[in-house]
Structure formats: structure tokens, C-alpha cells
Amino acid sequence: TGGGGGGVLKRKAAAAGEPVLVISGSGYVGQFVIRALLEAGQELHTTHRPGRDVSQLPNEVHCHAVDYTDVEAITALIQELRPGVVVNCGAMGNLGACEKDPAAAEVANCPRALVEAMAAEAEGAPRLFVHLSTDIVFRGDPAELYGEETPPAPLNLYGRLKAEFDGWLAAREAPCCVVLRPTNIVGPQHPYFSTGTKFLQWLDGQLRQDAPVKVFDDEFRNYVWVEDIVAVILKLAADFPVKAPPHRLLHCGGPEALNRVDMAKFVLAAKGYKPTYAAPDGSELPRLVPTPRSSVNLGYESPLCIRFKSARVEEYLGRPFRRVADCIKERVDRI
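Whatever position you read off the sequence shown (first residue = 1), add 5 for our numbering.
Simulated from the structure, these hints should not be mistaken for lab results. Just so you know, nobody snuck in bad clues.
Below, in silico cross-link-like pairs of lysine-lysine (DSBU-like), each with a Cα-Cα straight-line distance of 30 Å or less:
no.	residue 1	residue 2
1	K203	K270
2	K219	K314
3	K276	K219
4	K219	K279
5	K219	K334
With the hints as extra help, turn the sequences into a complete structure.
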């Protein structure tokens with residue numbers, strides 16, 4: 006499994022001659038999207054935060070130091086590039102930061118001006134906007150299996166803003182908008198350069214030390230492998246506009262609802278780490294210390310158990326999403 010999204014569709018987007026623009030392509034998911042689109046031979050542009058060093062991105066990527074929340078700047082860029090497909094990987098995803106600065110959170114998580122600029126530039130020509138949302142739009146009922154038909158019921162500001170923007174996109178006729186609603190995204194190290202430690206890499210760093218590691222045992226998600234998300238984006242871009250997207254909303258979760266202890270055990274097994282370590286007195290102590298997240302005051306409400314059904318996206322992709330445990334084994338050298 007390489008950066009080409011699981012080997013799906015090695016052809017250009019059907020909007021021949023029109024570039025693809027990846028918003029916030031220097032982030033974690035964005036770098037995987039860039040790598041896959043380049044492998045598909047796509048003319049590619051990306052925005053990044055002004056001041057960020059993106060020199061390690063491939064030379065084939067046209068980089069634009071444009072803040073996608075800057076209405077004037079992003080409108081001018083859309084008019085200049087006339088992209089056939091825009092993939093939005095941008096967000097303000099820190100839930101605590103959203104609660105502290107609601108205005109900034111709304112601008113970052115509801116980029117209406119970006120979408121309106123696409124519609125104005127297109128003048129009726131087909132345009133595709135692919136948006137990454139979140140499972141945090143749900144409250145987390147452990148008895149619920151959340152599908153696309155389930156109405157959002159967010160517990161916090163981040164979830165409310167994401168749900169509102171999802172609904173706003175669904176009501177639009179142009180551009181054609183597809184919302185991908187992933188659960189927790191995990192995967193190998195960044196393809197080009199690190200923009201911060203991700204969950205699996207944090208786990209690996211903790212588990213290789215001779216010390217206890219506290220991990221939540223009561224927070225469940227259908228963890229999804231990043232390259233499976235990218236495979237969906239590739240197919241959407243490659244099909245459009247010859248084949249219109251069959252769905253405007255796709256839930257993207259892995260086949261199993263897992264907690265963080267499960268994830269840590271996968272890393273332990275793949276890396277070959279001992280489940281115990283030697284204490285100074287010679288006794289063997291467990292590396293993993295299961296801890297209830299419900300006992301931690303996060304400073305905001307956040308759902309504990311979100312179980313997804315992803316049959317719709319798997320039917321569209323033509324294959325099931327992969328088990329995270331298998332992906333970790335396959336990519337253990339990059340965890």
C-alpha cells in the first residue's frame with residue numbers, strides 16, 4: 006500500500022486541462038492527497054499558511070501562500086487558477102481552541118467564501134468541491150450505529166460548526182459538493198515533512214520507553230487509515246465530471262470500533278515491543294495503563310463512543326476499508 010491511495014485509479018481527473026487545488030496541502034492528510042494526485046499525473050496546486058516552509062513538497066506542486074479564510078485572497082486565487090476540483094483539508098480541529106475563539110473557529114471550519122468563489126468563477130462549468138468533515142457532529146450514543154441518514158447532534162462548538170457547514174454544502178446546487186465525514190484518521194509518518202506528532206507516532210514514541218503509558222479505554226471510534234480516505238478522494242476527482250458523484254455525503258470509518266488501548270496493542274504487536282518493562286526493583290510492570298477518558302476534564306464536552314457504518318463509501322470505492330491492525334503491520338517501518 007503506497008501513497009497512491011491503495012492503488013486506485015492512476016488516471017487524471019476527468020475535467021481535462023483543469024488543475025486540482027488542495028486547500029492546506031501541507032498538513033497531514035493534505036500531504037497524502039498531494040502525493041496520490043501527483044502519482045495520478047494531475048496538475049496540482051496547494052495553499053498553505055503564509056510563513057510556513059513548504060520547500061520539501063515536490064517541485065511539481067504549485068504552492069500558494071494563501072490563507073483560505075482570507076476572502077479576498079482565496080477568491081483571487083480561484084479566479085486565477087480556475088480549478089476543476091478543490092479538495093478542502095483545512096480546519097481548526099483543536100476542540101479546546103474552538104471553544105476559546107468561536108469567531109476564528111467559524112471562519113476556519115465554515116469556508117463559505119471559498120465555495121462561493123468556485124461557483125462565481127465557474128459560470129456554469131462543472132466544478133467539484135470535496136470537503137473533509139468529522140464524526141464529532143454526533144453526540145456519541147453507544148447504542149447507535151451512525152449512518153449518513155442520522156441527523157447530527159453535536160455536543161461542542163467544533164461539531165456544531167462542522168454540522169452547519171455540511172448542511173450548507175448539501176443545499177447548494179453549484180459547485181457539486183461532496184462531504185467526506187471521517188472518524189479518527191491514522192496512518193504512517195507524513196510523506197514529505199512533519200507538521201506535528203500524530204497519534205500512532207506518539208504511541209510508538211511512548212511505548213518504546215520503559216515507563217507506563219496511560220491510554221483511554223472508554224472512547225471508541227472506527228479508526229480509518231489515511232490512504233483509504235485518499236483513495237475515495239482520488240476516485241471522486243478521476244470520475245468527475247463524466248461521472249457525477251452518486252452521493253453528497255459519505256461516512257468514512259474503518260471496519261471496527263476500537264478504543265485507544267486496542268490501538269496501542271496493535272502498535273506493540275507490530276513493533277515487537279514487550280507488553281511489560283522492568284522496574285528498578287526488578288519487577289515487571291505493564292506498559293499500558295487503561296484509563297477512562299470520562300474521568301478527565303477536557304474543558305468541553307466530547308462524545309465517547311461514535312460507531313460508524315461505511316457501507317455507502319465502500320460500495321462507491323468498490324472495496325472495504327482496511328483493518329487498521331493490518332495497515333499498521335504492513336507499514337510498520339513508517340509508524
